[in-house]
Amino acid sequence: MRKITLLLILLIFISCKDEVDCCVNPAPVNITLKFTHNWNGVPVTSSDFNDFKFTTENGESVSLVKLRYVVSDINIGNKNKSHHLINIGEESGLELNFNEVDQGSNILKFTFGFADANNIDGAYQDLNSVSFNVPGMLGGGYHYMQFDGKYKDNNNDDANFNYHAIRAVDKSDPNNLVFKDTSFDFDMGTFNFQNDTIVEVKMNIAEWFKNPNTWDLNILNTVLMPNFEAQKLMQENGKTVFSLGDITNN
Amino acid sequence: MKQFWIYISSFFILMNCSSKEEAYEPVPYNLKIPELFSDKLIAPILPANNPLTEEGVALGKKLFFDKILSGNGTQSCATCHNPRKAFTDNLQFSSGIDGIKGSRNAMPLFNLAWNFDEKFTWNGQDFTIENQALEPVSNPVELHAVWKNVTERIKNHPEYPELFLQAFGTSKIDSTQITKALAQFERTIISGDSKFDKFLLGKTNLTQEEQNGFNIFMDEAKGDCFHCHGSDNNPLWTDNQFHNNGLDATFSDLGLGTVTGDPADNGKFKSPSIRNLKFTAPYMHDGRFATLEEVINHYSEGLQASSTIDPLMKKVNQGGVGLSDKDKADLKSFLLTLSDDEFINNTDFQE
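Chains as they are written, first to last, in our numbering: chain A, 1 to 250; chain B, 1 to 351.
Worth flagging that the hints you see were computed from the coordinates, not collected in a lab.
Idealized CB from N, CA, C, for every residue including glycine.
Mixed in with the good hints, there may be bad ones.
[To be verified] Which stretches of chain A does chain B cover? Using the computed rule of at least three CB atoms under 8 Å from a CB of chain B, they are:
hint : stretch
1    : 75–83
2    : 131–137
3    : 148–157
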């Protein structure tokens, strides 16, 4: 009888332990942001580069040569990462892992580019090392995006474009630069994670040329970094570039 | 009983050998990283399977200058990579031991540990410095040697076996060990003490011409050099990537395309660092430009369109960025501020 009593006590303790583990402190989960790219729904990978296979809203045939961009202040619940560079042509940075994320309700969001407070000249060694900087004469800091390619101009000749997004700077008075923070937030919403999960973040590259400003590459093609108005147009178009894709549990 | 003593003797002999090899503990090498590099860049690539040691670097240096690596004992690595010329030879094309000229300009050697993708040579054909070092020894138009013969010569050399033992703790000598030593030395070849470096550290000032030249370099509407050649925030002064910079309308040398097999890579070559241009003429992968003026004129009005030209050569349809004579002269003044006289005179890199 004494043995049975002891066994019962032991079982109660084991049971209590399980209760605490599973319901009070649920195991954290791993979340992966997976960045995918498309052109109006058609998937785009590095193998689609260097080919005039896409057409802008304005009707220009374009070939993508280089596309890399940075997202910053990436938040998943209480987890935060300073910044992350995605390079489609080199297929690097396409996934971003967050380990040990608390189960339950989590807000997912990031900033395209850098908000002014984080756009600190020369501060990020990884971005310096891949020459992602903005010249000091334009206020320094970092590119938000380097998007280089070619388009067929009005004469159907190949021409170059450098769609480089940075913090907008008005250089009308070189002694008094006026800046406008042209980064923007992408809020993916609130998620209730119970398992390891992959969250797809989709970029529709065509949107950079489309909405709300139909982009004419014959007019706006190169030397856009010091172009204050062009940077504002990029920001406006960028706000519809990202969308949430598939959510898959591992 | 006799067998017993043979076993015992053999055991002690082996123990003795083993003890001798294990007695050498190479001393870790303290890489002198310039302040701007440690401030601005991620850590250099120092492979775990070939850590820098005092003995390894010294051995690599000795090998670098030793003609023992060539087929007929007439050339060394330093023949084409002269430290006094920022490890180039000022020739359009170098000649190998048989007097046959190569088809590409000898690349300068410095700051190689910060080539983060580890793709070396003009067309990126060699991954890692160790692998790169393998190639010139056996290349018929370079040192034209047979690795097996090189290894035998080194094994029979009065000094090298001991030096390998000290560097690697083993008496084994083969091409892997030899290129490891060469790579260790090459990783120590660092240039980061030019006038412009001193300027960034607040130790000197630029002239008005040099400052204007820097502004042209950084201005997307003028030189727009910074997208490929670094900036005040990237002291490598190269992106170490591959570009078609508009040299030719058609290609006699496919460059990166020969490595990847992708036609989109034809005519692309590595962006060299613009450090030490004062010492490294002639310029471009084929040494076609004898002077910096010719280089600047190329980007200003000499660009040739082709299917793979880099979009950063944005004004190719107008021939180039169209700099004024004053801007060209100032740009050259700035470029020369990246000359590192301390580097070419550094005795650590001399024979």
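Outcome of the hint check:
no.	hint	in the structure
1	75–83	violated (count 0)
2	131–137	holds (count 5)
3	148–157	holds (count 4)
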